[in-house]
Structures are given as structure tokens and as C-alpha cells.
Amino acid sequence: MKATKEHSILPNLLNREFKQEVPGKVLLTDITYLFYKNGHKAYLSTVLDASTNEVLAYNLSKSLKIDIVTDTIEKLISSNKFLISSDTFIHSDQGVHYTSPIFQKILKNYSIGQSMSRRGNCWDNAPQESFFGHFKDETNIKNCNTFEELLKEVSNYMDYYNNYRGQWNLKKMTPVKYRNHLLSTA
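Counting in the working numbering, the sequence shown runs from 4 upward without gaps.
Do not rely on the hints blindly, as some may be mistaken.
Below 30 Å or equal to it, Euclidean Cα-Cα: the simulated DSBU-like pairs (lysine-lysine) are [to be verified]:
1. Lys65 with Lys108
2. Lys44 with Lys68
3. Lys139 with Lys175
4. Lys155 with Lys145
5. Lys22 with Lys175
6. Lys28 with Lys68
7. Lys111 with Lys28
8. Lys139 with Lys28
9. Lys78 with Lys108
10. Lys22 with Lys139
11. Lys175 with Lys28
12. Lys44 with Lys139
13. Lys44 with Lys65
14. Lys78 with Lys111
15. Lys84 with Lys28
16. Lys145 with Lys65
17. Lys139 with Lys155
18. Lys155 with Lys78
19. Lys111 with Lys84
20. Lys28 with Lys108
21. Lys180 with Lys22
22. Lys175 with Lys84
23. Lys40 with Lys155
24. Lys68 with Lys145
25. Lys78 with Lys139
26. Lys108 with Lys22
27. Lys111 with Lys22
28. Lys65 with Lys78
29. Lys44 with Lys108
30. Lys108 with Lys84
31. Lys78 with Lys40
32. Lys44 with Lys145
Rather than coming from a laboratory, the hints here were simulated on the basis of the structure.
Sequences and hints are given; from them, build the entire structure.
Here's what the structure looks like:
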């Protein structure tokens, strides 16, 4: 996929203010490469809640076509894991998928705002990058022989990460427990 004149770069609304203590307000997204057995490559797109670190949606694909991100948003909406509020927005890098008019139209249709990191600045999306680092350190993706095995490994990790992996910056709670904690104190 290549950027065209129709692609739009949007301002950075987040300014690294990740922890706003409001679940579903600030969402982070990105794509990472996954290399598994015999030189096979897949791509993982995720949407993370910045306040809770919860993975709200993900999509594993053999292709980097626009569907990888649009399908991730559709999974996010259909999951019912959060309520879209008038100030909900999703933050990404300036990659071709996120500047695409197709992606931007889907967000607009769901009344989700959009924010982008400054060009070439991974710190502007640091929690998302950190998640991918933990994911790659804590999984055995290199031992997966098939795409189906990789999908199972990814699915198992997402469940583990959201429901069983406590985090220091979440008062040692899991992302799901921390979300419930924030909602109960709101």
C-alpha cells in the first residue's frame, strides 16, 4: 500500500498523556511484524486502551492490505468491550494505513476521533510499542509451524495479558481488573 494525495496526516492530540484514568477514552493502535517457522511472516494489528493497557481488539493477517486495520476497528466495535464517548479517540503513527481515507472514514462513521504521533517518534505511542515488546518476549511465535498455530499463540497471549498478567503501573492488577477498578471509582 502506498500513500496518495488523499492520505491525511492529523495532529497529535495525545501529547504523551497516556494515563487519563478513563477507560475507552484514549485508544492506541499499531502494526507489528511476526516471524515464525521457516521464514514465514505475519502482521499483528492491535488496539490498546491507554488507561488500562487492555488489548481491546486485534487482527492477525498474512497481508499488509488496508483490511488489517479496518478489520481491527470492526472487531473493536463488535466486541462491546468499551463505550464510545464523545471524546474517544485513537492514536497511531503516521503509517500509510492510518493516513488512509478508508481508515479515517471508518473512524468518522463510528464517531471516533483520530490523533497521530509526530513523524518518526516512537515515544509518542510508547505504551503500544512496549506492549509489542512484551508480546514478542513472552510468546513462542518462532516455534509456530503454521499460521493457524500462530493465531492460537496470539489468542492465548491476549487472554493471558488481559486477564492474568499483573502490571506494576496498574497497581499490580491485570488490565481487565484495572478497568473494572477505574469504572467502580468513577
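Evaluation of the provided hints:
In summary, the hint linking Lys65 to Lys108 is supported, as the alpha carbons are separated by about 24 Å, within the 30 Å threshold. Simply put, Lys44 and Lys68 have alpha-carbon atoms about 14 Å apart, close enough for the 30 Å limit, and the pair holds. Between Lys139 and Lys175 the CA atoms are separated by roughly 21 Å; this keeps the pair inside 30 Å, and the hint holds. Restraint check for Lys155 and Lys145: the C-alpha separation of about 13 Å stays at or below 30 Å, so the hint holds.
With a C-alpha separation of about 15 Å, the suggested pair Lys22 and Lys175 falls inside the 30 Å cut-off, and the hint holds. At most 30 Å may separate the alpha-carbon atoms for a hinted pair to count; Lys28 and Lys68 meet this at roughly 27 Å. Between Lys111 and Lys28 the CA atoms are separated by roughly 15 Å; this keeps the pair inside 30 Å, and the hint holds. For the hint linking Lys139 to Lys28, the alpha-carbon distance of about 27 Å falls within 30 Å, and the restraint holds.
For the suggested pair Lys78 and Lys108, the alpha carbons sit about 16 Å apart, so the restraint of at most 30 Å is met. Of the supplied pair hints, the one linking Lys22 and Lys139 holds, its CA atoms being roughly 23 Å apart against a limit of 30 Å. Between Lys175 and Lys28 the alpha-carbon distance is near 22 Å, which keeps this suggested pair within the 30 Å criterion. Annotation: proposed proximity of Lys44 to Lys139 holds, straight-line Cα distance about 14 Å (limit 30 Å).
Using a Cα cut-off of 30 Å, the hinted pair Lys44 and Lys65 holds, with the two alpha carbons roughly 7 Å apart. Restraint check: the Cα-Cα separation between Lys78 and Lys111 comes to about 16 Å, which is no more than 30 Å; the hinted pair holds. For the hint pairing Lys84 with Lys28, the CA-to-CA distance comes to about 12 Å; that is within 30 Å, so the pair holds. The straight-line distance between the Cα atoms of Lys145 and Lys65 is roughly 15 Å, inside the 30 Å bound, and the hint therefore holds.
Taking the CA atoms of Lys139 and Lys155, the gap is near 15 Å; set against the 30 Å cutoff, the hint holds. Of the supplied pair hints, the one linking Lys155 and Lys78 holds, its CA atoms being roughly 17 Å apart against a limit of 30 Å. Proposed proximity of Lys111 and Lys84 is supported: the alpha carbons are some 19 Å apart, at most 30 Å. Between Lys28 and Lys108, the direct Cα distance comes to roughly 19 Å. Compliance with the 30 Å bound is thereby established for this hinted pair.
Pair hint Lys180 plus Lys22 holds up; C-alpha atoms about 16 Å apart against a cutoff of 30 Å. Restraint check: the Cα-Cα separation between Lys175 and Lys84 comes to about 21 Å, which is no more than 30 Å; the hinted pair holds. Distance hint between Lys40 and Lys155 is fulfilled; the C-alpha atoms sit about 15 Å from each other, no more than 30 Å. Among the hinted pairs, Lys68 with Lys145 is consistent with the structure: their alpha-carbon atoms are about 23 Å apart, no more than 30 Å.
Our distance criterion of 30 Å between C-alpha atoms is met by Lys78 and Lys139, whose separation comes to about 22 Å. Note on Lys108 and Lys22: the hinted pairing holds, with a Cα-Cα distance of about 27 Å set against a maximum of 30 Å. Between Lys111 and Lys22, the direct Cα distance comes to roughly 24 Å. Compliance with the 30 Å bound is thereby established for this hinted pair. Between Lys65 and Lys78, the direct Cα distance comes to roughly 17 Å. Compliance with the 30 Å bound is thereby established for this hinted pair.
Among the hinted pairs, Lys44 with Lys108 is consistent with the structure: their alpha-carbon atoms are about 29 Å apart, no more than 30 Å. Distance hint between Lys108 and Lys84 is fulfilled; the C-alpha atoms sit about 22 Å from each other, no more than 30 Å. The straight-line distance between the Cα atoms of Lys78 and Lys40 is roughly 27 Å, inside the 30 Å bound, and the hint therefore holds. At most 30 Å may separate the alpha-carbon atoms for a hinted pair to count; Lys44 and Lys145 meet this at roughly 10 Å.
Checked against the numbered hints above, the structure breaks none of them.
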